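Enquirer: Chains as they are written, first to last, in our numbering: chain A, 553 to 843; chain B, 352 to 679.
Read the hints as simulated data drawn from the structure, not as lab findings.
Please read all numbers here as calculations on a predicted model, not as lab measurements.
Hints are not guaranteed to be accurate.
[Stated by the list, open to error] Stretches of chain A that chain B covers, calculated by requiring three or more beta carbons in the stretch to come under 8 Å of a beta carbon on chain B:
#, stretch
1, 636 to 649
2, 655 to 661
3, 795 to 802
Note that CB positions come from ideal geometry on N, CA and C, so glycine has one too.
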Amino acid sequence: MPNALSTFLTLTIDGVSYGMMLFLISVGLTITLGVMRVVNLTHSAFAMIGGFITLWLMKSAGMHFFVALPVGVLATMALSLVLERTLYQWVYKCDPLGQLLMTIGMTFVVTAVVKNLAGPQIQSIVLPEALLGQWSVMGLNISVYRVFVLGLSVAVAGALWLCLEYTTFGARLRAAVDNPRMARCVGINVPLVFSITFAIGCGLAALGGAVGTQMLPLEPYYGLKYLVLVLIVVAVGGLGSLKGSLYSALLLGFIDTMGRYYIPALGGFIIYLAVLAILLVRPRGLVGRIG
Amino acid sequence: MTTQSDAHRVVQAFRRQRYNLADLALVLAAALTLLFGEYYLALAAFVVIMAIFALSLDLAQGYGGIESLGHAAFFGVGAYAAALYALHFSSEPVSGLLVAAVAAGVVGLVSGFAVLRTQGLTQLMLTLAIATLLYELANVAKAITNGDDGLSGYDVAPVFGLFQFDIYGYTGFVYAFVVLVLVYALLKKLVNSSIGQTAQGIRENQTRMRMLGVPVERRLWVLYTISAALAGVAGGLSAQINRIVGLDSLAFTLSANVVVMLALGGTGRLYGALFGAILFVVLSDRAAAIDPTNWLAVLGVVLILIVRYAPDGLAGFVARWSAKRGQK
Numbered sequence: 553m554p555n556a557l558s559t560f561l562t563l564t565i566d567g568v569s570y571g572m573m574l575f576l577i578s579v580g581l582t583i584t585l586g587v588m589r590v591v592n593l594t595h596s597a598f599a600m601i602g603g604f605i606t607l608w609l610m611k612s613a614g615m616h617f618f619v620a621l622p623v624g625v626l627a628t629m630a631l632s633l634v635l636e637r638t639l640y641q642w643v644y645k646c647d648p649l650g651q652l653l654m655t656i657g658m659t660f661v662v663t664a665v666v667k668n669l670a671g672p673q674i675q676s677i678v679l680p681e682a683l684l685g686q687w688s689v690m691g692l693n694i695s696v697y698r699v700f701v702l703g704l705s706v707a708v709a710g711a712l713w714l715c716l717e718y719t720t721f722g723a724r725l726r727a728a729v730d731n732p733r734m735a736r737c738v739g740i741n742v743p744l745v746f747s748i749t750f751a752i753g754c755g756l757a758a759l760g761g762a763v764g765t766q767m768l769p770l771e772p773y774y775g776l777k778y779l780v781l782v783l784i785v786v787a788v789g790g791l792g793s794l795k796g797s798l799y800s801a802l803l804l805g806f807i808d809t810m811g812r813y814y815i816p817a818l819g820g821f822i823i824y825l826a827v828l829a830i831l832l833v834r835p836r837g838l839v840g841r842i843g
Numbered sequence: 352m353t354t355q356s357d358a359h360r361v362v363q364a365f366r367r368q369r370y371n372l373a374d375l376a377l378v379l380a381a382a383l384t385l386l387f388g389e390y391y392l393a394l395a396a397f398v399v400i401m402a403i404f405a406l407s408l409d410l411a412q413g414y415g416g417i418e419s420l421g422h423a424a425f426f427g428v429g430a431y432a433a434a435l436y437a438l439h440f441s442s443e444p445v446s447g448l449l450v451a452a453v454a455a456g457v458v459g460l461v462s463g464f465a466v467l468r469t470q471g472l473t474q475l476m477l478t479l480a481i482a483t484l485l486y487e488l489a490n491v492a493k494a495i496t497n498g499d500d501g502l503s504g505y506d507v508a509p510v511f512g513l514f515q516f517d518i519y520g521y522t523g524f525v526y527a528f529v530v531l532v533l534v535y536a537l538l539k540k541l542v543n544s545s546i547g548q549t550a551q552g553i554r555e556n557q558t559r560m561r562m563l564g565v566p567v568e569r570r571l572w573v574l575y576t577i578s579a580a581l582a583g584v585a586g587g588l589s590a591q592i593n594r595i596v597g598l599d600s601l602a603f604t605l606s607a608n609v610v611v612m613l614a615l616g617g618t619g620r621l622y623g624a625l626f627g628a629i630l631f632v633v634l635s636d637r638a639a640a641i642d643p644t645n646w647l648a649v650l651g652v653v654l655i656l657i658v659r660y661a662p663d664g665l666a667g668f669v670a671r672w673s674a675k676r677g678q679k
């Protein structure tokens with residue numbers, strides 16, 4: 553196989569797995585932003601919380617990565633549910649700018665707490681042996697870790713889709729999304745549905761944050777540093793559209809990975825250029841429905 | 352004509368532009384800083400720069416209802432423009448400020464075309480994307496901007512050929528303060544003029560203003576461009592006084608900080624921006640010296656509480672208090 557092609561294929565896998573991780577982190581935000589109309593700038597901080605809890609469980613409790621990961625995700629979901637029932641009730645009452653300020657305040661607090669507990673240094677989760685190394689398939693070198701991230705994200709995204717399409721809860725959520733008032737009239741407890749959705753979204757972010765530490769390393773300022781990235785994934789995808797988030801995360805992950813490799817001089821610039829171009833052509837995002 | 356009626360006319364003129372005691376107090380505070388705060392002049396100059404920056408955001412956000420999470424774009428463009436002008440053309444500071452204003456204004460004019468087509472969340476995202484784009488551009492164009500190391504090594508000539516920038520920062524502070532007064536007066540004039548009034552109308556009810564025959568898009572565009580140019584002035588001042596421009600002048604943190612300042616001070620009142628800048632910069636400087644991590648937590652809590660209990664900020668609080676006092 554020609555060298556250029558194999559490089560391209562390897563990069564494609566890297567880009568797609570990076571994109572899928574971005575999708576995991578940002579899919580919860582598209583629901584809060586697009587459906588609940590809440591500017592939640594704390595969302596990326598939940599990814600960090602998930603990552604740090606997993607890290608702490610592995611370090612202090614000596615848990616295996618595959619045990620610590622689900623526990624960390626569940627712990628983050630519990631935390632987010634508590635916050636949603638308490639502090640976010642204030643956030644819901646504000647106008648967009650107030651929501652933005654309040655949630656960025658929450659991100660500041662989370663950042664400070666994490667910095668106090670975990671220290672200011674950059675950390676990443678030590679992967680178990682099973683995920684290290686590379687596979688050689690037809691002259692291609694594929695990192696096992698990347699394939700793991702890719703497989704896990706695809707599985708989660710698939711489960712999410714099945715849950716939305718074929719379960720009662722999914723039907724309720726879709727109803728609440730399409731027309732909250734009408735959904736309430738037919739007896740759906742819309743706030744409860746949104747609470748659970750919020751927690752699931754945060755859990756997905758936590759999962760993305762925990763498995764993605766090799767791509768986006770953990771640090772106290774994670775919540776602020778990668779906030780922009782998460783926001784643009786949602787904005788490009790179109791607010792409130794799960795499908796849009798998937799497309800935009802894949803597209804941006806792909807563009808970013810390719811851009812950094814083939815045009816290193818431009819580095820991280822390309823992704824933002826792409827974002828601007830997409831938003832100019834389609835101000836409502838790729839799959840925009842709510843303007 | 353007697354001197355008394357002259358004085359009376361001056362008072363009338365100030366009233367017409369709605370100057371009040373708060374403005375006088377701020378001038379006094381500046382004078383006291385100059386007299387007694389000799390060790391804090393660098394900090395005071397930074398306060399003044401941030402005040403101008405917050406004022407520029409107040410014009411867009413408080414009066415025009417244009418929400419921005421990327422106002423640092425204009426600050427940074429102004430800063431780099433002033434620094435590059437000083438480096439390659441002339442070290443004369445006043446023309447440098449004009450260059451900074453024009454450069455940032457042009458960026459505002461062009462980006463306004465995209466930003467003002469949208470509203471609400473998309474608008475926030477778009478301003479954010481533009482600012483991040485410029486940040487990455489400055490990071491990539493190392494030949495021009497020196498990348499991470501920051502642009503420095505340029506001279507700034509004495510202001511009007513008379514006032515040399517001194518090591519203690521007297522000139523820097525006075526220079527920045529004079530610019531602040533000019534900007535403030537210009538904004539007072541602007542927001543009380545017909546364009547400022549219609550802008551407030553657009554903020555409250557865009558459809559109605561359109562029906563009244565106001566060219567909504569054009570008004571907002573003008574407002575946004577002026578706001579960008581003023582942010583550029585703030586950036587230019589920062590470049591001239593600090594003699595260095597780094598990537599942080601374009602960073603998201605700065606955009607977020609100025610939004611926070613305005614929220615603390617209160618939007619749509621101009622002096623709210625001044626209060627907010629003073630409060631934020633002084634507190635964060637003091638607190639950062641003591642304990643930067645916990646300061647961030649305190650700031651977060653304060654921000655949450657302010658939005659919850661005093662959504663119109665410190666200035667709104669003062670306004671309510673003085674209204675109450677007026678009733679007695």
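Enquirer: Does each hint hold? Answer for all of them.
Expert: Quick rundown of the hints versus the structure:
1. Coverage of a stretch by a chain is defined here by at least three residues with a beta carbon nearer than 8 Å to that chain's beta carbons; for the stretch 636 to 649 of chain A and chain B the count is 5, and the condition holds.
2. Chain B is given as covering the stretch 655 to 661 of chain A, and this holds because 6 residues of the stretch bring a CB closer than 8 Å to a CB of that chain, at least three being needed.
3. Here's how the stretch 795 to 802 of chain A fares: 0 of its residues keep a CB closer than 8 Å to some CB of chain B, so the rule of at least three is not met and the hint is violated.
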